[in-house]
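**Q** Below are the chains, spelled out letter by letter.
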Amino acid sequence: MMADQLPEHPDFLWRNPEPKSSYDAVIVGGGGHGLATAYFLAKNHGMTNIAVLEKGWLAGGNMARNTTIIRSNYLWDESAAIYEHALKLWEVLPEQLEYDFLFSQRGVMNLAHTLGDVRESMRRVGANKLNGVDAEWLDPQQVKELCPILNINDNIRYPVMGATYQPRAGIAKHDHVAWAFARKCDELGVDIIQNCEVTGFIKDGNRVTGVKTNRGTINTEKVGLCAAGHSSVLAEMAGFRLPIQSHPLQALVSELHEPVHPTVVMSNHVHVYVSQAHKGELVMGAGVDSYNGYGQRGSFHVIEHQMAAAVELFPIFARAHVLRTWGGIVDTTLDASPIVGTTPVDNMFVNCGWGTGGFKGTPAAGLTFAHTIATGTPHELNKPFALERFETGALIDEHGAAAVAH
Amino acid sequence: MLLISCPNCGSRDETEFHYGGQAHVAYPENPNELNDREWAEFLFYRDNTKGAFAERWLHSTGCRQWFNMLRDTVTYEIHAIYPMGAPRPDAAAPARESGTASLAADSTTTGTAAPSTATTSIAASTSSASITAPEGATK
Ligand SMILES: Cc1cc2nc3c(=O)[nH]c(=O)nc-3n(C[C@H](O)[C@H](O)[C@H](O)COP(=O)(O)OP(=O)(O)OC[C@H]3O[C@@H](n4cnc5c(N)ncnc54)[C@H](O)[C@@H]3O)c2cc1C
Ligand SMILES: [Zn+2]
Numbered sequence: 001m002m003a004d005q006l007p008e009h010p011d012f013l014w015r016n017p018e019p020k021s022s023y024d025a026v027i028v029g030g031g032g033h034g035l036a037t038a039y040f041l042a043k044n045h046g047m048t049n050i051a052v053l054e055k056g057w058l059a060g061g062n063m064a065r066n067t068t069i070i071r072s073n074y075l076w077d078e079s080a081a082i083y084e085h086a087l088k089l090w091e092v093l094p095e096q097l098e099y100d101f102l103f104s105q106r107g108v109m110n111l112a113h114t115l116g117d118v119r120e121s122m123r124r125v126g127a128n129k130l131n132g133v134d135a136e137w138l139d140p141q142q143v144k145e146l147c148p149i150l151n152i153n154d155n156i157r158y159p160v161m162g163a164t165y166q167p168r169a170g171i172a173k174h175d176h177v178a179w180a181f182a183r184k185c186d187e188l189g190v191d192i193i194q195n196c197e198v199t200g201f202i203k204d205g206n207r208v209t210g211v212k213t214n215r216g217t218i219n220t221e222k223v224g225l226c227a228a229g230h231s232s233v234l235a236e237m238a239g240f241r242l243p244i245q246s247h248p249l250q251a252l253v254s255e256l257h258e259p260v261h262p263t264v265v266m267s268n269h270v271h272v273y274v275s276q277a278h279k280g281e282l283v284m285g286a287g288v289d290s291y292n293g294y295g296q297r298g299s300f301h302v303i304e305h306q307m308a309a310a311v312e313l314f315p316i317f318a319r320a321h322v323l324r325t326w327g328g329i330v331d332t333t334l335d336a337s338p339i340v341g342t343t344p345v346d347n348m349f350v351n352c353g354w355g356t357g358g359f360k361g362t363p364a365a366g367l368t369f370a371h372t373i374a375t376g377t378p379h380e381l382n383k384p385f386a387l388e389r390f391e392t393g394a395l396i397d398e399h400g401a402a403a404v405a406h
Numbered sequence: 407m408l409l410i411s412c413p414n415c416g417s418r419d420e421t422e423f424h425y426g427g428q429a430h431v432a433y434p435e436n437p438n439e440l441n442d443r444e445w446a447e448f449l450f451y452r453d454n455t456k457g458a459f460a461e462r463w464l465h466s467t468g469c470r471q472w473f474n475m476l477r478d479t480v481t482y483e484i485h486a487i488y489p490m491g492a493p494r495p496d497a498a499a500p501a502r503e504s505g506t507a508s509l510a511a512d513s514t515t516t517g518t519a520a521p522s523t524a525t526t527s528i529a530a531s532t533s534s535a536s537i538t539a540p541e542g543a544t545k
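If you read the protein sequences in the order shown, they are chains A and B.
Everything in the first sequence is counted per the working numbering, starting at 1 for the first residue and increasing by one.
Everything in the second sequence is counted per the working numbering, starting at 407 for the first residue and increasing by one.
Chain A with its partners taken away, still in its complex shape (with noise of 0.2 angstroms):
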């Protein structure tokens, strides 16, 4: 588990080509998402004349910056369908794209800490079990027994009432999960374009027909946007609006321990989730910034509060050093539900609105995201996410039923 060897950092793992005048489709963003979709792109539906566009260098976005937190513990049926079809893949992926990137399904425990979480919780573990998800409902004296070094007193501001637990859950090392896809994509020969931001659409009437980049046009039958943090921005620029806002999320990490916490833990109540990554940091995330965002880098004062409640928690933190913080751009939505599928534009398509909780979605997103670019119809996963249900009013309503504050 904890100290593993980390895999041998490879010499190159993909090309870096010169972008072609056209493809038959262009994924805007080279995000784990970005990635995913182009994988399964290349391997499930037989389109290898594509390209990944990225603004910036591959996965320095959201993909390398996230607390790579996996679970499929969701709420709501629609929810539980896409992120169990997501922690599926993880179990298989790393045979699969032949690339170790560490999944260790080392379980995830969500804290109860009111009698109103317990109930909830409770609930949450009911609707989990019916759904196919592995979950399990832990008194404090259990939680204790899997994390030693969590404080069950309850002479405590919000003690422990108990937990939902996954054991099947766990993380995994968010770069060398972006690079077993890039490497894979490569050898399907998917072109990867790094330095490349798309600047604008062309448009033969209401049909995308190309791209505008900082490095020359290209033309595309297909546009699939994978832009976490900018969807809006780039959906502005193709003529349509989502209902996105953009807020920067940030998480810090400690210097090296040995081995201390055997899990993950995550609050929802006192908004902190921790776990040990396999080097030895503790990894810490918190909440979001309130107001819209494009800075990557977030307010003091949310770390203040969530130190304040690792703490109280964990009372051997106290004694750790903050390392390093830094900070994302998350798209959220206001059911905090992701939004994947068509767009206004014709062979225009978006995957975004993740949140603060995409990571674990990557594989499940490109998979359903690839269906969707490939055949022009949602995939029976990513159906009930359309844009159109906004529309319609059958939002799905993860805010707090996911278990984690966004």
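These are computed hints drawn from the structure, not numbers from a lab.
For clarity, every value in this text was computed on a predicted model and none was experimentally measured.
Glycine included, every Cβ here is placed at the ideal spot set by N, Cα and C.
A few of these clues could be false.
Said to hold, decoys possible - For each label pair, taking beta carbons as the anchor points, the in silico distance ranges come out as:
#1 B:417 x A:297: 20 to 26 angstroms
#2 B:432 x A:203: 29 to 35 angstroms
#3 A:377 x B:449: 25 to 31 angstroms
#4 A:397 x B:468: 29 to 35 angstroms
#5 B:411 x A:45: 53 to 59 angstroms
#6 B:432 x A:154: 48 to 54 angstroms
#7 B:438 x A:195: 48 to 54 angstroms
#8 B:470 x A:383: 40 to 46 angstroms
#9 B:468 x A:376: 52 to 58 angstroms
#10 A:295 x B:433: 27 to 33 angstroms
#11 B:437 x A:16: 50 to 56 angstroms
#12 A:376 x B:433: 34 to 40 angstroms
#13 A:301 x B:491: 27 to 33 angstroms
#14 B:437 x A:200: 34 to 40 angstroms
Unchecked claim - Calculated pairs, BS3-like style, for lysine-lysine (alpha carbon to alpha carbon, straight line, at most 27 angstroms):
#15 A:55 x B:456
#16 B:456 x A:212
#17 B:456 x A:203
#18 A:212 x A:20
#19 A:20 x A:203
#20 A:144 x A:129
#21 A:43 x A:20
#22 A:88 x A:279
#23 A:203 x A:383
Start from chain A and add chain B with the ligands according to the hints.
**A** What follows is chain B with the ligands alone, placed relative to chain A:
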């Protein structure tokens, strides 16, 4: 953390405030006439501008009054603070006026893009816009 100059109380830490999202979103004037698409626009669609953005803030642990702020969502620089109901300081271009929602100048209910926020117009407005709001700022 932002240092926000409340029109009533002066400069205070961001932690005293509550964020209220996009400013100038008027309640539909004829709600009965809105179709599903227009309701969706009113309820769920907001601008997500990269650059100068007009937004509402509440001084929740101070005077408990709402006010508007023009802030850059990339640099986080605060360009102007101004009263609810007052036009956006650099809003030279009239707001879009399609649909059945309010035709008031500050309605963005049915539009598809923010008023022009070209860099030049912001630069111009920064010098002229006062950092503290005019009198009667908060209602
Ligand atoms: C601090 C933090 C912690 C998180 N923790 C978790 C977690 O524990 N578990 C979890 O499941 N999720 C987590 N998330 C959320 C998760 O990271 C995102 O939902 C997910 O990474 C989004 O998909 P992506 O990987 O493709 O996005 P990104 O990696 O952000 O990819 C989007 C890419 O698009 C590029 N782009 C943007 N505009 C353009 C343009 N015009 N032209 C070309 N390229 C462009 C960007 O540079 C970027 O690389 C966290 C996020 C953050 C910020
Ligand atoms: Zn005040």
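**Q** Taking the hints in turn, state whether each one holds.
**A** Hint-by-hint comparison with the structure:
1. Separation of residue 417 of chain B from residue 297 of chain A is about 21 angstroms and conforms to the stated range, judged on CB atoms against 20 to 26 angstroms.
2. Take residue 432 of chain B and residue 203 of chain A: their Cβ atoms lie about 31 angstroms apart, and the range 29 to 35 angstroms holds.
3. At about 27 angstroms, the beta-carbon gap between residue 377 of chain A and residue 449 of chain B stays in the expected band of 25 to 31 angstroms.
4. Between residue 397 of chain A and residue 468 of chain B the CB atoms are about 32 angstroms apart, so this pair conforms to the stated range of 29 to 35 angstroms.
5. A beta carbon spacing of about 55 angstroms between residue 411 of chain B and residue 45 of chain A agrees with the range 53 to 59 angstroms that was offered as a hint.
6. Taken as a hint, the range 48 to 54 angstroms holds for the pair residue 432 of chain B and residue 154 of chain A, whose Cβ atoms sit roughly 50 angstroms apart.
7. The beta-carbon spacing between residue 438 of chain B and residue 195 of chain A, approximately 52 angstroms, falls within the hinted interval of 48 to 54 angstroms.
8. Roughly 44 angstroms separates the CB atoms of residue 470 of chain B and residue 383 of chain A, a value that falls within the hinted 40 to 46 angstroms.
9. Look at residue 468 of chain B against residue 376 of chain A: about 53 angstroms separates their beta carbons, and that is inside 52 to 58 angstroms.
10. Restraint check, residue 295 of chain A to residue 433 of chain B: a C-beta distance of roughly 31 angstroms satisfies the suggested window 27 to 33 angstroms.
11. The hint said 50 to 56 angstroms for the Cβ distance between residue 437 of chain B and residue 16 of chain A, and at roughly 55 angstroms that hint holds.
12. Range check, residue 376 of chain A to residue 433 of chain B: Cβ separation about 38 angstroms, and the 34 to 40 angstroms hint holds.
13. At roughly 30 angstroms, the beta-carbon separation of residue 301 of chain A and residue 491 of chain B lies within the given 27 to 33 angstroms, and the hint holds.
14. At about 37 angstroms, the CB distance of residue 437 of chain B to residue 200 of chain A agrees with the hint of 34 to 40 angstroms.
15. Restraint check for residue 55 of chain A and residue 456 of chain B: the C-alpha separation of about 16 angstroms stays at or below 27 angstroms, so the hint holds.
16. Proximity of residue 456 of chain B to residue 212 of chain A is assessed by CA-CA distance (about 19 angstroms); at most 27 angstroms being required, the pair is judged to hold.
17. A C-alpha spacing of about 23 angstroms is found between residue 456 of chain B and residue 203 of chain A, which places the hinted pair at or below 27 angstroms, so the restraint holds.
18. Only pairs whose Cα atoms come within 27 angstroms are accepted, and residue 212 of chain A paired with residue 20 of chain A is accepted, the gap being roughly 13 angstroms.
19. About 19 angstroms separates the Cα atoms of residue 20 of chain A and residue 203 of chain A, which keeps this hinted pair within 27 angstroms; it holds.
20. Between residue 144 of chain A and residue 129 of chain A the CA atoms are separated by roughly 23 angstroms; this keeps the pair inside 27 angstroms, and the hint holds.
21. Using a Cα cut-off of 27 angstroms, the hinted pair residue 43 of chain A and residue 20 of chain A holds, with the two alpha carbons roughly 21 angstroms apart.
22. Between residue 88 of chain A and residue 279 of chain A the alpha-carbon distance is near 25 angstroms, which keeps this suggested pair within the 27 angstroms criterion.
23. Between residue 203 of chain A and residue 383 of chain A the CA atoms are separated by roughly 26 angstroms; this keeps the pair inside 27 angstroms, and the hint holds.
Hint compliance for this structure: no hint is broken.
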